[in-house]
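Protein chains in written order, with the numbering used here: chain L, 226 to 378; chain U, 1058 to 1238.
Be aware that a few hints might be false.
As the list claims (entries may be wrong) - Capping the alpha-carbon separation at 27 Å, the derived lysine-lysine pairs in BS3-like fashion look like this: (1) U:K1147 x U:K1117; (2) L:K253 x U:K1069; (3) L:K253 x U:K1064.
As the list claims (entries may be wrong) - Among the chain L residues that face chain U by a calculated CB cut under 10 Å, a handful are: (4) L243; (5) S320; (6) V321.
Don't read these hints as lab results, they were simulated from the structure. Each residue gets a CB set at the ideal place from its N, CA and C atoms; glycine is no exception.
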Amino acid sequence: MKKERNNDDALKQEAPTLFGITKQNNFKVPDGYFDALPEMLVEKRSASTPGVLERLLHAFHWKVAVPTFAAVAVILFVIFNTSPMVEDTAIASISVEEVEAYLDNEGLYTIDEDMLLEALEDEVAVNYEEDNDEIVEYLLENNIELETILEEL
Amino acid sequence: MEHYSDKELLEKFKGEAPSYAFNLIVRKYQERLYWYIRRVVIDHEDANDVLQNVFLKAWKNLHSFREDANLYTWLYRIATNESLTFLKQKARRQHLSTDELQHQLAGTLESDPHYSGEAIQKKLDQAILTLPEKQRIVFTLKYFEEKKYDEMALILNTSVGALKASYHHAVKKIEKYLTSH
């Protein structure tokens, strides 16, 4: 009460004209406005009742969101960073003997060397014969005598 | 109607009767919030829109309202933010600054069918509309709503010292307007 009187005294000193004005509400509302407002709000509320997603988002407060995102980040990190290690471990756990046995069984270890050499020789021989014919033709066309060639060699 | 405390209303809202409890909250606070908003936005239709938005926001967010906070203060804070946002949007729609809009609103008091006051009171309301909008909010809360500075500090999220200074400046400007017009 004393504080209020002090405030009034201060206002009287500082703003005597303002202090002299009777404090009253000059604004009005249409008749029955406050009786009708709660009903209007019920209608608006039902039109804008939060959906499932909105309620979930509200429920997803940052106190929940931060640990959830952190957990998801850790899970993703573990998945992406441990997959190659799993493969490496799997390969490392196979012994040399198992690898050799696998290659033997699949026939990958028994390549026939003779067949490979024959194939290469055939290819070289064909090319060599073609080359001789071309050389003879060249010598005949250019009238180069065999003795001249021998001298050059 | 107002025999329930805010704490009881919040318990009811978070319990089995949220709709009923919210209706009681609306009935408890609608008039106080309306008159506050009306003093800021001036026009009845605008005040009605803002008030409905305030309650809709409260409805949507009340379930996450912390019980250690004050419901009354919280509603006033929403009302302040909604009113200021509304004025900014209205000014933008009319390609005006907020000061120009307030000047325009002072002019509408003459023709407003929902406004009646003696000449000196109309002059006071026009003087208030010459204040910068935040100073106007401070003056309205202190002078008309008779809020304490520490309550105002919670509503406006500012210091008591800043509010006292703001109110002091507002009173000086209003007195000057009243004596010079």
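Hint consistency between K253 (chain L) and K1064 (chain U) [alpha-carbon to alpha-carbon, up to 27 Å]: Not OK: K253 (chain L) and K1064 (chain U) at ~31 Å, beyond 27 Å, violated.
With a cut-off of 27 Å on the C-alpha distance, tell me whether K253 (chain L) and K1069 (chain U) pass. 33 Å, violated
Does the interface hint hold: is S320 (chain L) within less than 10 Å of chain U, judged Cβ to Cβ? 61 Å, violated
Agreement of K1147 (chain U) and K1117 (chain U) with the hint, judged by alpha carbon distance not exceeding 27 Å: 24 Å, holds
Is the interface hint satisfied for L243 (chain L)? The criterion is a beta-carbon contact with chain U at less than 10 Å. The hint holds - L243 (chain L) has a Cβ within 10 Å of chain U, the shortest such distance being about 5 Å.
Have a go at the V321 (chain L) hint: is there a Cβ in chain U nearer than 10 Å to its own Cβ? 64 Å, violated
Against the hints set out earlier in the document, violations occur for numbers 2, 3, 5 and 6.
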